[in-house]
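These protein sequences, in sequence, are chains Y and Z. With my numbering applied, the first sequence covers 1 to 405. With my numbering applied, the second sequence covers 1 to 405.
Worth double-checking, as some hints may not be accurate.
[What the hints assert, rightly or not] Here are the simulated lysine-lysine pairs, PhoX-like style, with alpha carbons at most 25 Å apart:
no.	chain 1	residue 1	chain 2	residue 2
1	Z	K115	Z	K354
2	Z	K282	Y	K400
3	Z	K282	Y	K80
[Stated by the list, open to error] What the simulated footprint calls covered on chain Z by chain Y, stretch by stretch (three residues with Cβ under 8 Å from a Cβ of chain Y suffice, anywhere in the stretch; the number is not a length):
no.	segment
4	12–20
5	32–41
6	49–62
7	331–339
8	382–390
Calculated directly from the structure, the hints in this document are not laboratory data. Don't be surprised by glycine CBs; every beta carbon is placed ideally from N, CA and C.
Here's the letter readout for the chains.
2 protein chains.
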Amino acid sequence: MSHNLLVAQSGGPTAVINSSICGIVEEALQHERIRGIYGAVNGILGVLHEELVDLRLEDPSSIRNLMNTPSAALGSCRYKLSARDFDRLMEVFIAHDIGYFLYAGGNDSMDTAHKVANLAAERNHELRVMGVPKTVDNDLRITDHCPGYGSVSRFNAIATRDSCLDTEAIYTTDTVKIVETMGRDTGWITASTALAKDTDENGPHLIYLPERPFILEEFLNEVKEVHDRFGRVVICVCEGLRDESGAFLKASTEGIDTDKFGHVQLGGVGDYLVNVISGKLKLKARYDKPGTIQRVSMQCASQIDIEEAYRVGQVALSSAVEGECDKMVTLIRNQNDPYHSETGLVELEEVALKTKKVPDEFINNDSNFVTKAFLEYVRPLIGGALPHYARLRKRTVNRKLQPYT
Amino acid sequence: MSHNLLVAQSGGPTAVINSSICGIVEEALQHERIRGIYGAVNGILGVLHEELVDLRLEDPSSIRNLMNTPSAALGSCRYKLSARDFDRLMEVFIAHDIGYFLYAGGNDSMDTAHKVANLAAERNHELRVMGVPKTVDNDLRITDHCPGYGSVSRFNAIATRDSCLDTEAIYTTDTVKIVETMGRDTGWITASTALAKDTDENGPHLIYLPERPFILEEFLNEVKEVHDRFGRVVICVCEGLRDESGAFLKASTEGIDTDKFGHVQLGGVGDYLVNVISGKLKLKARYDKPGTIQRVSMQCASQIDIEEAYRVGQVALSSAVEGECDKMVTLIRNQNDPYHSETGLVELEEVALKTKKVPDEFINNDSNFVTKAFLEYVRPLIGGALPHYARLRKRTVNRKLQPYT
Numbered sequence: 001m002s003h004n005l006l007v008a009q010s011g012g013p014t015a016v017i018n019s020s021i022c023g024i025v026e027e028a029l030q031h032e033r034i035r036g037i038y039g040a041v042n043g044i045l046g047v048l049h050e051e052l053v054d055l056r057l058e059d060p061s062s063i064r065n066l067m068n069t070p071s072a073a074l075g076s077c078r079y080k081l082s083a084r085d086f087d088r089l090m091e092v093f094i095a096h097d098i099g100y101f102l103y104a105g106g107n108d109s110m111d112t113a114h115k116v117a118n119l120a121a122e123r124n125h126e127l128r129v130m131g132v133p134k135t136v137d138n139d140l141r142i143t144d145h146c147p148g149y150g151s152v153s154r155f156n157a158i159a160t161r162d163s164c165l166d167t168e169a170i171y172t173t174d175t176v177k178i179v180e181t182m183g184r185d186t187g188w189i190t191a192s193t194a195l196a197k198d199t200d201e202n203g204p205h206l207i208y209l210p211e212r213p214f215i216l217e218e219f220l221n222e223v224k225e226v227h228d229r230f231g232r233v234v235i236c237v238c239e240g241l242r243d244e245s246g247a248f249l250k251a252s253t254e255g256i257d258t259d260k261f262g263h264v265q266l267g268g269v270g271d272y273l274v275n276v277i278s279g280k281l282k283l284k285a286r287y288d289k290p291g292t293i294q295r296v297s298m299q300c301a302s303q304i305d306i307e308e309a310y311r312v313g314q315v316a317l318s319s320a321v322e323g324e325c326d327k328m329v330t331l332i333r334n335q336n337d338p339y340h341s342e343t344g345l346v347e348l349e350e351v352a353l354k355t356k357k358v359p360d361e362f363i364n365n366d367s368n369f370v371t372k373a374f375l376e377y378v379r380p381l382i383g384g385a386l387p388h389y390a391r392l393r394k395r396t397v398n399r400k401l402q403p404y405t
Numbered sequence: 001m002s003h004n005l006l007v008a009q010s011g012g013p014t015a016v017i018n019s020s021i022c023g024i025v026e027e028a029l030q031h032e033r034i035r036g037i038y039g040a041v042n043g044i045l046g047v048l049h050e051e052l053v054d055l056r057l058e059d060p061s062s063i064r065n066l067m068n069t070p071s072a073a074l075g076s077c078r079y080k081l082s083a084r085d086f087d088r089l090m091e092v093f094i095a096h097d098i099g100y101f102l103y104a105g106g107n108d109s110m111d112t113a114h115k116v117a118n119l120a121a122e123r124n125h126e127l128r129v130m131g132v133p134k135t136v137d138n139d140l141r142i143t144d145h146c147p148g149y150g151s152v153s154r155f156n157a158i159a160t161r162d163s164c165l166d167t168e169a170i171y172t173t174d175t176v177k178i179v180e181t182m183g184r185d186t187g188w189i190t191a192s193t194a195l196a197k198d199t200d201e202n203g204p205h206l207i208y209l210p211e212r213p214f215i216l217e218e219f220l221n222e223v224k225e226v227h228d229r230f231g232r233v234v235i236c237v238c239e240g241l242r243d244e245s246g247a248f249l250k251a252s253t254e255g256i257d258t259d260k261f262g263h264v265q266l267g268g269v270g271d272y273l274v275n276v277i278s279g280k281l282k283l284k285a286r287y288d289k290p291g292t293i294q295r296v297s298m299q300c301a302s303q304i305d306i307e308e309a310y311r312v313g314q315v316a317l318s319s320a321v322e323g324e325c326d327k328m329v330t331l332i333r334n335q336n337d338p339y340h341s342e343t344g345l346v347e348l349e350e351v352a353l354k355t356k357k358v359p360d361e362f363i364n365n366d367s368n369f370v371t372k373a374f375l376e377y378v379r380p381l382i383g384g385a386l387p388h389y390a391r392l393r394k395r396t397v398n399r400k401l402q403p404y405t
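Work the whole structure out from these sequences, hints included.
As structure tokens, this is what we get:
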């Protein structure tokens, strides 16, 4: 018997979540068991408030162009469901004959999806719930990586290389550059800036992840050491850095706010470190904080990420039609060079609310850079080499005068 | 008689200053009167310290690839010359038989170039000095616009549109977004974010330029009004905003520093406004500050900007060979649609140290957005339309339940 499909997105937008929607819708169009293809406006809030849109009425070329469109075309939200909300969800699912519910998001969303699946089973409502992985944070367990991460990594690799070239050109004036990246509790995003580095002398020189406590004195020593060697320093830091006491680094605490899941809204690490470096080391520093731009930059999206995002959507749908439920699609890397991945399935319970931190083998002993193993892990995900830039040889002309002092 | 050519870059890097170097070098290779083609490492500092490189020894393909390489391949600096330094410059010019000196930079650099030209004339050293316009700030007088501006505008148009889409997707959680752009004393860069706007509802909703005093109370009213209408607000601000007393907006003053020309090093407007908005309006705000990334993003460079940067370099060289001196190349727009420009020349004295602010006719009456006239001015400079993104129709499915409260 045929039922309707409902798709919703949750959490922070990415460059490729719309590719997952495209994969889901294009696959759904192939299955007779799928009657209506509905999207929820602004994620689970759209389900609660019965704000559903009919994706069969979209132009197929618009659906296809979702592959080139960043952010979240259906809208998203961060919202923690109450017990009462779950009852309402069931009402909506029953009223609209929803037989397939596909939820794209991170570990909070997988928890929501898992609870929905349980509740439907308890109430004998036939509902196949599937999770579609999506998070630039790359912190979902079991899957090799998360759609969205390859693109934010490509953005940060390119932007950091640009920022390093900028510092290299103007270091006689601005010697210290901080690049502040996203990453709530994990350093996956920050770590990807290492892809910008080609030689010892070129940045980024130092990378600090929230997996290690930030120790100000060591930091200042490390910055000074690099500055003494090269006359400049580019430092990449995660917005979620914490000191030894577990407190966030912050120039002021006024901006700290918590979202609906109780996560602290971060920001200010760049400003804080600029102040510390100019105050303690008397060096002129400035910071770049691409903020949300990094997660939705289509210009720097990874082609592999776009394709994998499509594929996890497609597989979530076909798996649901085949009878799977209460599972999330995973990506399994079966070859690194040339890169090749396939998809798998995992119980939602295994990924719900759990966080995968950057493992020890990806962080160097000094806790101020990543390892070669990390670079091997991340490189294929950004979908090809960085654009080729010119480097001049700079053969010097013989001096004819005394040094100028 | 043949002489050597010396090229130097100054001030902040851009996506296209290397295109100007490419234009200069490729043109110089065509003239028998140019013997050596030298570049100064780190701008005028490289001249003072006799750090010159021989650009004839570069691979022609590297010179060509400068067109695709951002930042400043020869290195740059910000350095205010003393009277003694000018004497040293002359010594270096004479020692290396420099007959042509081409200096790429903004209004500070044009002043330096002008002084060098005067001094050489006073001392009867035959030196043809030409200025090559370069500044993302777009604040040089007389020229229609400055190479570097089209590309930073394209970056900001794309990044702001992405950031607006991000806010549109997640506004049920994060309702206010600040985008902080560069722009020391002028709002040209900030104004370009308006290119991201397609409808009333979509951002950016408010744009504040340093050409108008920032009045906090009016700002808060305007933010609240947009928020009441659309449930979200995207606000673009210049790092150089000042209040009615002329003081910079700043969360803290610790980070304020002055560079060698006495310009104040800015930053912190985004952080300040996030705090003000969360404190006074109780709205959750966050900010994006792409920082130096905006001025060196090759991924978002404008093809027209790249070509014009090449052309001003080429024309500076050929004009010098033809006998011109103490002048800067300008861009003259002779047609807007389709866009067409030609080059002209202006006395360096006319542009040295002077600043072109955003004129009144480009700022709306409420001082919180740009006008149609500005959009007509800036649109051709970004070298083509923004990438096409999908917009879903979102035809709603009929409700079957009572509203959820």
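List in ascending order the numbers of the hints, as given earlier, that are violated by the structure. The structure breaks hints 2, 7; every other hint is satisfied.
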